[in-house]
Structures are given as C-alpha cells and as structure tokens.
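A.B. asks: Chain by chain, the residues:
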Amino acid sequence: MIKLIQIELYKIFRKPRTYIGFGAIAFIVVVVNLGFLFEGEQLLGFLIDSLKDKFLLSGNLINAYTMSFVILNSLWIHLPILISITAGDMISGEANNGTFRLLLTRPISRSKLLAAKLISAWIYTVLLLLFMIAFSLALGYLIFGVGDLIVIKSTISILAADDTLWRFGYATLYGILSMTTVTSLSFLLSSLSENSIGPIVGTFAIIVGLTIVSTLGYALIGPAIPYLFTTYLPSWDLFFTMELNTAKLTHAIYVNLAYTIAFITFTFYYFKNKDILS
Amino acid sequence: MKNEIFLEFDHVSKQYKDFLAVDDLSFKVYEGDIFGFLGPNGAGKSTSIRMTLSLIKPTTGNITLLGKNIVNEREETLSQVGALIEKPDFYPYLTAQKNLEILGKISGVANLSSKIDEVLELVGLTTRRGSKVKTYSQGMKQRLGIAQTLLHDPKLIILDEPANGLDPQGQVDMRELIVRINKERGITVIISSHILNEVEQICDRMVIINKGQSMVEGNVSELLTESRMKVSYVTDDNNRTLELLANSKYKDNINGIEKEKLSLLIEHENIPEMNNFLSNEGVKVYSIEPIRSLEEYFISMTK
Chain A
1 MIKLIQIELY
11 KIFRKPRTYI
21 GFGAIAFIVV
31 VVNLGFLFEG
41 EQLLGFLIDS
51 LKDKFLLSGN
61 LINAYTMSFV
71 ILNSLWIHLP
81 ILISITAGDM
91 ISGEANNGTF
101 RLLLTRPISR
111 SKLLAAKLIS
121 AWIYTVLLLL
131 FMIAFSLALG
141 YLIFGVGDLI
151 VIKSTISILA
161 ADDTLWRFGY
171 ATLYGILSMT
181 TVTSLSFLLS
191 SLSENSIGPI
201 VGTFAIIVGL
211 TIVSTLGYAL
221 IGPAIPYLFT
231 TYLPSWDLFF
241 TMELNTAKLT
251 HAIYVNLAYT
261 IAFITFTFYY
271 FKNKDILS
Chain B
279 MKNEIFLEFD
289 HVSKQYKDFL
299 AVDDLSFKVY
309 EGDIFGFLGP
319 NGAGKSTSIR
329 MTLSLIKPTT
339 GNITLLGKNI
349 VNEREETLSQ
359 VGALIEKPDF
369 YPYLTAQKNL
379 EILGKISGVA
389 NLSSKIDEVL
399 ELVGLTTRRG
409 SKVKTYSQGM
419 KQRLGIAQTL
429 LHDPKLIILD
439 EPANGLDPQG
449 QVDMRELIVR
459 INKERGITVI
469 ISSHILNEVE
479 QICDRMVIIN
489 KGQSMVEGNV
499 SELLTESRMK
509 VSYVTDDNNR
519 TLELLANSKY
529 KDNINGIEKE
539 KLSLLIEHEN
549 IPEMNNFLSN
559 EGVKVYSIEP
569 IRSLEEYFIS
579 MTK
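Chains A and B, in that order, are what the protein sequence lines are.
Number 278 marks the last residue of the first sequence (this note's numbering); no jumps.
Number 581 marks the last residue of the second sequence (this note's numbering); no jumps.
There could be a bad hint or two in this list.
To be verified - Keeping only pairs whose Cα atoms sit at most 20 angstroms apart, straight-line, the calculated PhoX-like set for lysine-lysine is:
(1) B/Lys346 - B/Lys376
(2) B/Lys433 - B/Lys346
(3) A/Lys274 - B/Lys419
(4) B/Lys346 - B/Lys365
(5) B/Lys376 - B/Lys365
(6) A/Lys272 - B/Lys335
(7) A/Lys112 - B/Lys527
(8) A/Lys112 - B/Lys461
(9) B/Lys295 - B/Lys335
(10) B/Lys508 - A/Lys3
(11) B/Lys433 - B/Lys393
(12) A/Lys15 - B/Lys461
(13) A/Lys248 - A/Lys153
(14) A/Lys3 - B/Lys376
(15) B/Lys412 - B/Lys365
(16) B/Lys306 - B/Lys346
(17) B/Lys412 - B/Lys433
(18) B/Lys383 - B/Lys410
(19) B/Lys489 - B/Lys508
(20) B/Lys306 - A/Lys3
(21) B/Lys461 - B/Lys433
(22) A/Lys272 - A/Lys112
(23) B/Lys295 - A/Lys272
(24) A/Lys274 - A/Lys112
(25) A/Lys15 - B/Lys412
(26) A/Lys274 - B/Lys412
(27) A/Lys15 - B/Lys508
Because the hints were derived from the structure by calculation, they are not lab data.
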C-alpha cells in the first residue's frame, strides 16, 4: 500500500498543475502582506473605525497573526478550488488519459488503487494547507513580527500574542478535517467523470451553491443548514474566540466526518462496480 | 493432444442498457497459440477483451483465464497476464523508464531495473528510455505498450489492435515482434484485430465474431482450406459457363461473376468432377484459382 501511495504522490508532484495551488497561495499571501505593508494603516483603520470610540488601541496590530487570520478568512473559498484541481483529477484524469486501463490490467485490486489515490489526495490537501499557514505566518513574521490579534465577529476578541499560536495550530487541524471533506467530495465527482473539468467545476458549484442557499434560502432549507458540511467550512475561526464553543466545534467535526465517510463509501462502491470503458 | 486451455469464454453476454454488445459468446484459446480475435468494428471485440481483463463485468456466462475465474480471482490471474488495450496510453509527462518503473512496481516485479533493460532492448527503445513519452511517435508508443505487457513475465499477453496507427513498415515490425515473443519466449498471444492480413499472417487459431456472436472458431489454415472453398474460374466464355452450371447439379455452387472471373463455392473433392463436366460441354477452362484470403472468408462469414 505504501508503495502505491508513493507512486501516486510521485505522479501528483510530477504534474505541473499540482503547483498551481502552491503558486496561487504563495501569490495571495505575498499580495496580502505587501498590501498591509504599504496601506496597512488605512486598511486597519477601516476595519477598527467603529471601535475607536470605545477602545484605546495601541501596539503592533498589523502582525503575522493578523496577516494569517486575514488570509485564512479569504482562502476558505479558494482552497476548495485549488484542492479540486488535483483531487478532481485523480480518477478522471487517468480515465481521460487512458492510463486507468493500463493500471487496472495489473494485478492490483481496484479498492487498493482507489485507497492509495484517496490517501495521496488527502496528503496533498494537508500539504497545501500546511504550506498556506506556515508561509503566511513566516512571511508575516518576517515583515511585521508578532503581536496581539483582534478578531471582530459578533463579539470582539483581543487575543494576546502568546495566546494565539496554539489557536492557529488547532485551526489548521480543523482546516485539514474540513478540507478533507472537500477532497473526498472532489474525489467522488472524479470517480463519476471521465474528464477533469467536471469534478473541479462540480466541487466549486456544490460548495458555492450550498453556501448561497444556506445564506439566502433559510426559509427553504433552514432545518437542513446545521447538517450541511458547507456550513462548517469557515468554522476554523471558532478557535479564535475567548471562550471556545466546544458544542458547535464538536458538531462541526461530526458533520465533516459523516460527509467524508459518506463520500468515500459511495466512491468505493461505485468504482468497484464500474465498467472501465475509457 | 491439445495444450492447456488458457482462456475460455463460456456463453458470455454483456448487456448495456439498450444494447447487447456480446451475445452468448463461447470460444477457447490454448497454450502456445497466437490467437486471432477477429471481427468488424463494433463486433464486440473490445468489450470481450475488457471482460477478459475484468475491466468490464459480464452480464451472464463465465470467463476462465489460466484456469481461474477472472471475476473471483482477479489479482492472481492478472499477475500472469500482460495486456495492451486499444491505444498505448502512458503518462506523457514521464519518461518511458519511469512509466515502466511505475507499472513494474504495481505488478511487484523483482529485479525491476534489469527487467526494464531487457524489455526495452526487445522492443528497440533502449536509446530513448530517458525521453518523455509525449515525445514518442505512435510506433514507439506501441512498442512501449508491448514492453509493458512483458515486464512481469506473463504466460499470456492480450493485444487489442496492436497495429493501429502504424505505417506499413511499423505493422511488419509489430508482426515480427509478436511472433518472436510467441516463439522465443513461449508466451501465448491473443490479438484482437480487424486487420485481416495481420491475423492471416501470424495467427494459428482464430475466432470471428460479428454482432457480439461467434461466427466461426478454429485453426486459421484449416478454416481457409476447408472443404467448401471459394474458387475463381476463368473460361473462354464465362456467361455460357454460368448458364451451363445454372442448369446443372452445380447451380447451388454459383457465387457470381467478379472481375470477369466466375466465382464458385465448391467442395474441394468436387472440383475435378465439375472440371470434367465443363470440359465435356466444350468449355475451355483457362485457370482455376482458389480464393484463400481471410478477407473473402471474413466477408462471407459476417455478411
């Protein structure tokens, strides 16, 4: 199995498209950091303008943590697209290239091959997320240093610098979980398709579609919203409140796990019985 | 005595939603054969080949490959089979060497490096092993396709349209390579093809299928020289000869006039008697030529 995973990872990292995700993240991180470097005061002023009457804010408010928080906030919608470029290509790309029949005429079970591909796609997802967090923190640290993090949501949380790094650690772990669900969805769509565009567009359409419906169609699907995995894609920010909402976090984790298991089960069932016609 | 049966289709059918691709197909391939799997486009060849390799599940019937049921014992069976299905598709962004390494590792090939050297040498691609496959010509890809079938020392290789897209010299080279693999390595070969000449030249046995059904199965040379053979006659007056035959006991043997030659379907042993009949009627027979090509046979079986 390890040999198969190594082969799949080798194939992933020999494809130029694999680096689109890393390149896009690096570009966004650099642009956001440079934006704050040159126009940070204005941008921050816009964000905390309403607080100036009630709080006296001082110190290094633009810092590595602020940068990383902003980037995490902006990328929860970008990351699924970047993930699906690779995960969505794992099966459909082989079908499209005609290499699936080459692999499946070898003495290897379909389930093993599928498992190796899925694990490799997960590993890619984890690496992408770790790269995003690590690069964002590192570049932010080099340019701005560290400082307290102000999180403005329905409540205002001012998190001390020495109380923040662990939150990024847990947020990353949660991000891995939620993006694993996205990877599994993309993988499922990949098993249904014989070209890579379908799974990429499909993943994006499902995520955006469910997010829009959740936001605008409360009356229509209100009771279902707490059970949609898209509801919990941005839930990594639950770690950036003074008091952790463990009940909501636990629910988010269960929903993500349930969807991941459902997506994988369907993929394996479908693929095991699929006629390979490509 | 017949050799061991390597592949047996036993009343196999494949039904897609509204299309019966393979219809109650039965045939056998024996050890050591170069077996031709012949049929026009859309006859069900590729579906049958894919069922043999468990890429497609049959709707009914059993396929026994190397004594095992391919559906139930897929991995054990495929460890002894090499296959090239339709186009030789590889990872274009990888070199030939890397492609073979990946396939060899998946197949659990021991001494992979030397095995790769050996198969690349056999197909004449040693000097291009480090080139990315996307730079290969169609002929080179076909040869690499053959090389990958041999990596794990199979007992049987299955080649689906191996000469597709090759120029005439490439087709000759491919035929020679297949025969070498069969004779020198003792590997049984199944060739699916619609190129009749290819099958006629290199296959020992064959099955002809059409519309998913078996038309005929047997030894290629025997099938082509079977008792009721097609012959062309050239006489001093073909129209008169035709009229004479039409009013004789040979009327059922008439196949028509093709390219100024009288075409007859007649039992081998009856040819001298008919010759005498024509001679006694004053017909001058200038030539009698057996039409032995598989093409004629194929058309007669599939029309």
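A.B. asks: It remains to establish, for every hint, whether it holds in the given structure.
C.D. replies: The hints, checked one at a time:
1. Distance hint between lysine 346 of chain B and lysine 376 of chain B is unfulfilled; the C-alpha atoms sit about 32 angstroms from each other, more than 20 angstroms.
2. Distance restraint check for lysine 433 of chain B and lysine 346 of chain B: the Cα-Cα separation of roughly 14 angstroms lies within the 20 angstroms cut-off, and the hinted pair is therefore satisfied.
3. Between lysine 274 of chain A and lysine 419 of chain B, the direct Cα distance comes to roughly 27 angstroms. Violation of the 20 angstroms bound is thereby established for this hinted pair.
4. Between the alpha carbons of lysine 346 of chain B and lysine 365 of chain B the distance comes to roughly 27 angstroms, so the proposed pair goes past 20 angstroms and is violated.
5. The suggested pairing of lysine 376 of chain B with lysine 365 of chain B holds, with an alpha-carbon distance near 19 angstroms, which does not exceed 20 angstroms.
6. Only pairs whose Cα atoms come within 20 angstroms are accepted, and lysine 272 of chain A paired with lysine 335 of chain B is accepted, the gap being roughly 11 angstroms.
7. Restraint check for lysine 112 of chain A and lysine 527 of chain B: not satisfied, since their Cα atoms lie roughly 67 angstroms apart, outside the 20 angstroms limit.
8. As the CA atoms of lysine 112 of chain A and lysine 461 of chain B are separated by approximately 36 angstroms, the hinted pair breaks the 20 angstroms bound.
9. Our distance criterion of 20 angstroms between C-alpha atoms is met by lysine 295 of chain B and lysine 335 of chain B, whose separation comes to about 14 angstroms.
10. For the hint pairing lysine 508 of chain B with lysine 3 of chain A, the CA-to-CA distance comes to about 58 angstroms; that exceeds 20 angstroms, so the pair is violated.
11. Taking the CA atoms of lysine 433 of chain B and lysine 393 of chain B, the gap is about 16 angstroms. The hint holds against a cut of 20 angstroms.
12. The suggested pairing of lysine 15 of chain A with lysine 461 of chain B is violated, with an alpha-carbon distance near 40 angstroms, which exceeds 20 angstroms.
13. With a CA separation close to 16 angstroms, the supplied pair lysine 248 of chain A and lysine 153 of chain A stays within the 20 angstroms bound.
14. This hinted pair checks out: lysine 3 of chain A and lysine 376 of chain B have alpha carbons roughly 14 angstroms apart, not beyond 20 angstroms.
15. Under the criterion of a C-alpha separation no larger than 20 angstroms, the hint pairing lysine 412 of chain B with lysine 365 of chain B is consistent with the structure, at around 14 angstroms.
16. Pair hint lysine 306 of chain B plus lysine 346 of chain B holds up; C-alpha atoms about 14 angstroms apart against a cutoff of 20 angstroms.
17. A threshold of 20 angstroms between alpha carbons decides the hint, and for lysine 412 of chain B with lysine 433 of chain B the separation of about 30 angstroms lies outside it, so the pair is violated.
18. About 19 angstroms separates the Cα atoms of lysine 383 of chain B and lysine 410 of chain B, which keeps this hinted pair within 20 angstroms; it holds.
19. A C-alpha spacing of about 24 angstroms is found between lysine 489 of chain B and lysine 508 of chain B, which places the hinted pair above 20 angstroms, so the restraint is violated.
20. A C-alpha spacing of about 37 angstroms is found between lysine 306 of chain B and lysine 3 of chain A, which places the hinted pair above 20 angstroms, so the restraint is violated.
21. Distance check on the hinted pair: lysine 461 of chain B and lysine 433 of chain B sit about 12 angstroms apart at the alpha-carbon level, within 20 angstroms; holds.
22. A threshold of 20 angstroms between alpha carbons decides the hint, and for lysine 272 of chain A with lysine 112 of chain A the separation of about 10 angstroms falls inside it, so the pair holds.
23. Using a Cα cut-off of 20 angstroms, the hinted pair lysine 295 of chain B and lysine 272 of chain A holds, with the two alpha carbons roughly 19 angstroms apart.
24. Restraint check for lysine 274 of chain A and lysine 112 of chain A: the C-alpha separation of about 15 angstroms stays at or below 20 angstroms, so the hint holds.
25. Restraint check for lysine 15 of chain A and lysine 412 of chain B: the C-alpha separation of about 13 angstroms stays at or below 20 angstroms, so the hint holds.
26. Distance restraint check for lysine 274 of chain A and lysine 412 of chain B: the Cα-Cα separation of roughly 29 angstroms exceeds the 20 angstroms cut-off, and the hinted pair is therefore not satisfied.
27. Simply put, lysine 15 of chain A and lysine 508 of chain B have alpha-carbon atoms about 57 angstroms apart, too far for the 20 angstroms limit, and the pair is violated.
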